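Residues per chain are reported as follows:
2 protein chains.
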Amino acid sequence: MSGEENIDFHFQRIQSKAQNGVIQPILTDLYQITMAYAYWKSGKMNDQAVFDLYFRKNPFNGEFTIFAGLEECIKFLQNFHFSESDVKYIRSVLPPNTEPEFFHYLENLTANDVTLYAVDEGTVVFPKEPLMWIEGPLPAIQLMETPLLNLVNYASLVATNAMRFRLAAGPDKTLLEFGLRRAQGPDGALSASRYCYLGGFDGTSNVLAGKLYGIPVRGTHAHAFVTSYTSLSDVKTRMLMRKDGSAEVDFISLCLKYQEELSTVLPFLPDQVNKGELAAFVSYAQAFPGGFLALIDTYDAIKSGLPNFCTVAMALWASGYTPQGIRLDSGDLSYLSHMVREGFNKIANRYDLPWFANLNIVASNDINEDTIHSLNQQGHEINSFGIGTHLVTCQKQPALGGVFKLTEVNCKPRMKLSEDVEKVTIPGKKKVYRLYGADGNALVDLMTLPNEPEPKVGQRVLCRHPFQESKRAYVIPAKVEAIHKTYWVNGEVMQPLPPLTELRAKTMNLLKTIRQDHKRALNPTPYKVSVSTGLYSFMHELWLEHAPIGELS
Amino acid sequence: MSGEENIDFHFQRIQSKAQNGVIQPILTDLYQITMAYAYWKSGKMNDQAVFDLYFRKNPFNGEFTIFAGLEECIKFLQNFHFSESDVKYIRSVLPPNTEPEFFHYLENLTANDVTLYAVDEGTVVFPKEPLMWIEGPLPAIQLMETPLLNLVNYASLVATNAMRFRLAAGPDKTLLEFGLRRAQGPDGALSASRYCYLGGFDGTSNVLAGKLYGIPVRGTHAHAFVTSYTSLSDVKTRMLMRKDGSAEVDFISLCLKYQEELSTVLPFLPDQVNKGELAAFVSYAQAFPGGFLALIDTYDAIKSGLPNFCTVAMALWASGYTPQGIRLDSGDLSYLSHMVREGFNKIANRYDLPWFANLNIVASNDINEDTIHSLNQQGHEINSFGIGTHLVTCQKQPALGGVFKLTEVNCKPRMKLSEDVEKVTIPGKKKVYRLYGADGNALVDLMTLPNEPEPKVGQRVLCRHPFQESKRAYVIPAKVEAIHKTYWVNGEVMQPLPPLTELRAKTMNLLKTIRQDHKRALNPTPYKVSVSTGLYSFMHELWLEHAPIGELS
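Chain order of the listed sequences is A and B.
Each number in my numbering comes from the position in the first sequence (counting from 1) with 2 added on.
Each number in my numbering comes from the position in the second sequence (counting from 1) with 2 added on.
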């Protein structure tokens, strides 16, 4: 291998690695580094800390969240290393009197001394419970806060958004992610494609996401393709090979024959359909005779696009191919999809071709979750939604407010107080159990002190609201599940990191254990995350100990 | 250099290249590739096309947009190449009967045959006018659509958002971007830091952005740092070297002395301040004696944080150092900032230290543009804003709707019609001029046919609304500027790509030429983008020619 090939080889390898999202610890907030120095300087570099990563409120006014981003967090720990050039830069932005030994400390820092516990990627999670917690030397973990939050926040947000679209559309619709051009940067787009698939989408338009993550890729043509043709004379060849390879047919003549026939079926005026559009459809069909799906609204969806599509579709059928359907990208999608289906039905009846009635109708005009609910109410004939901007940028709420809070130092609990009860942290290490009812549905999540006995199947356990004294409930679980696993310890990955397709299937299954009323779009019921009596007493004693007593004056 | 070092070297080099955002053409929508094949197959691979990249509506209910992302677009053209492995993947997702010559075509495709015209990065731009247009072989340009849109849309959106925050805060406030943890993926965060700086921010917390783009980085410490200390016994050393290096002082004793003194000035009860917080501030001051800025709201900003800060600040002053100030991250920022300033004033008066009254007050609690306007109305004492989520995710509108439309093929104009007039494209190649008044303010932008004479200084020119016949105005420009430049031709970059700091200064200057009423937050006046009479007639003739005649029934 020559030197240049060598570079090229590594370029490919590394580039896709970077595109896979493996980030370096220098992608952090400066204050993590200044804090690390202050910890180091005050002799706290070996203090053993515990941090919880959690969020305070489900996104999108919903009552559930899909946890995502874990595999990238593990890869981040595996690759945790400040390069020489990173340290050189850090040195340049810290004060000149910063002790040089600190930079050696940074250079030699790895994630080998930290332990990460997490729920599985794709798990349905709720506010206040740790999605992950991490134990180890205080400054090292402090340096991991920002990248871990960055990797979890958007991944979980967009996976949850995708799942909300899936719940809105129902299980039988095809959902395609078309967000690349409007996503927040190139990597924002890649993350969107990956985690929308995890959250229940069926495919993406993003070719690189297909290559990197094995997501099915989909796409046909745009308006520009249609407007680039003006008449059938733009089409290079009249011919198309029949599917069985038996002969070439004069495809243009075949189209013109069907155009005349169909004008009495749909009906339309052959001189009113756009000739450039017909030429574009003919060209596209010649290139993809087995995958003909046409965008019909460049000029007029019903007067021009639909007849032109049906014309070419029938000519393809006569040549042995099965056309796929149409796409609508503007206008009243309910009305237009009904009109298109009616046209398909007429042709199905006239030619006795039942499949023609079932051709695909894809819709893709700036669709959000509410659009789908509204279309469901109005009625529509759409089989497949292509969704971009609103899905990938999570327009309803473009950030998940994940936080990373210190809960313990050297086995002593830590608690951040706040006048806002929502911002008070639950101190110390905790265990979290999901308690299920006899019907298989999750009833409640229960956080306990680590040394408390675990809840037992068939035995009554008291679940308390973490902050409101009077809110308590007894639960007799039919199944008890500790939701966290050790994912990373002593520099080793301890759990399988399943491929995306497997994660997707698992996520869809896990969601079934969450009751419908927690998942509905309008006024969902909150799912309860509770604490044991032991944890309740522990945190409230600590709270009283630390809270200053006010003075009324 | 050993093999392993070699790999490592390239890893660093390539990784930061990828992080610089140089993206490959495979980061595209599949339909660009299927269209390219259909073009190729119907003999249109050498058709000469022109595409305009523009947007239809300013973001955030505003009336201006900052154009950004150009340098990355140029780098994308420079690096435009489908690798062998990309082509292998594309082959695997296209139908098996796709002609193999197409894949050779893809492998050999470069951007050397395309020409890119653009406005300078940082230019203030308006709806409907091309930010860039690109000429060259139809399939090649089609393959550039998605990456170019991805690179321009978010960059321009977030730069515009940053500028709105700058306009809200005024020129004298320090604005810091703190969005990394909530941004849409790692690269979303890097792009945010870069383009927020371009749009008028002063710095970022993002260390990698500092390293890559030379943006000033800022940051001190978090709540976790404070809660990790419980008492002064957690502090490793009592000592601090005086700034002049003359002697070490017993810094803890000095702090305790000032604590007692100050308790009569502010006033506060020394047994009510949190001891862990004091220890944390002492530790931080020992690590950064010249950069002491303390987060004061972990326990109680006024009863604990402020006295603890002032205690340590006075001890630093007595040791020769100047403290920096405080940060507030919760509560009523107007009220708290007044309370803090009042405390600073008391100390300034008591010790005759005028600089103490002017210490920095940084605020960083989930601030958006409206918060700043509201704080301005209420009055506040904040010097510096740290802004995260709302800034980087552009919560008010998380996507710019940039589009890329075909306007010409083989010198013949193309027009996309739509029932929505906003979506009708302005066909053909155009020239765009910005016409200025005698006061230096921009009056109107004027699009003309390429062969029309350019507007002349001092001569009356008719500017027409592109769609509404009756809306016309005569303008006598005091200055005329053609806003586009040739940026890329024959594989060469034709214009300097200035460093980020220079672009930032230029952007701030360019904004001054836009009248205040176009920039205000509430009900801004739309800036007019007009067409010449020649272009008006040209597009309306073409429109009538293509639009189907409706039938009322």
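The hints are simulated quantities; they were obtained by calculation from the structure and are not laboratory data.
Quick caveat: nothing in here was measured; it's all calculated off a predicted structure.
Any given hint might turn out to be false.
Identical chains blur together in the list; that is why a pair holds if it fits in one copy or across any two.
Below, simulated SDA-like cross-link-like pairs (lysine to any residue); rule was C-alpha separation at most 20 Å, straight line [as the list claims (entries may be wrong)]:
#  : residue 1 : residue 2
1  : K90       : L214
2  : K398      : D372
3  : K238      : M47
4  : K530      : F105
5  : K398      : N63
6  : K305      : L546
7  : K458      : D441
8  : K348      : I304
9  : K514      : E494
10 : K238      : D49
11 : K473      : Q518
Hints and how they fare:
1. K90 to L214: Only across copies: K90 and L214 sit 13 Å apart there, 33 Å inside one copy, limit 20 Å.
2. K398 to D372: For K398 and D372, both the intra-copy (10 Å) and inter-copy (18 Å) Cα distances are at most 20 Å.
3. K238 to M47: Answer is between: at 11 Å across copies they meet the 20 Å cutoff, but 72 Å inside does not.
4. K530 to F105: neither (46 Å within a copy, 55 Å between copies)
5. K398 to N63: Cα proximity of K398 and N63: in one copy and across copies (9 Å, 17 Å).
6. K305 to L546: between (73 Å within a copy, 16 Å between copies)
7. K458 to D441: within (17 Å within a copy, 80 Å between copies)
8. K348 to I304: So K348 and I304 pass the 20 Å test inside one copy only (14 Å; across, 76 Å).
9. K514 to E494: neither (32 Å within a copy, 56 Å between copies)
10. K238 to D49: between (74 Å within a copy, 12 Å between copies)
11. K473 to Q518: Classified as neither: same-chain Cα gap 23 Å, cross-chain 55 Å, threshold 20 Å.
When held up to the earlier numbered hints, the structure conflicts with 4, 9 and 11 and fits the remainder.
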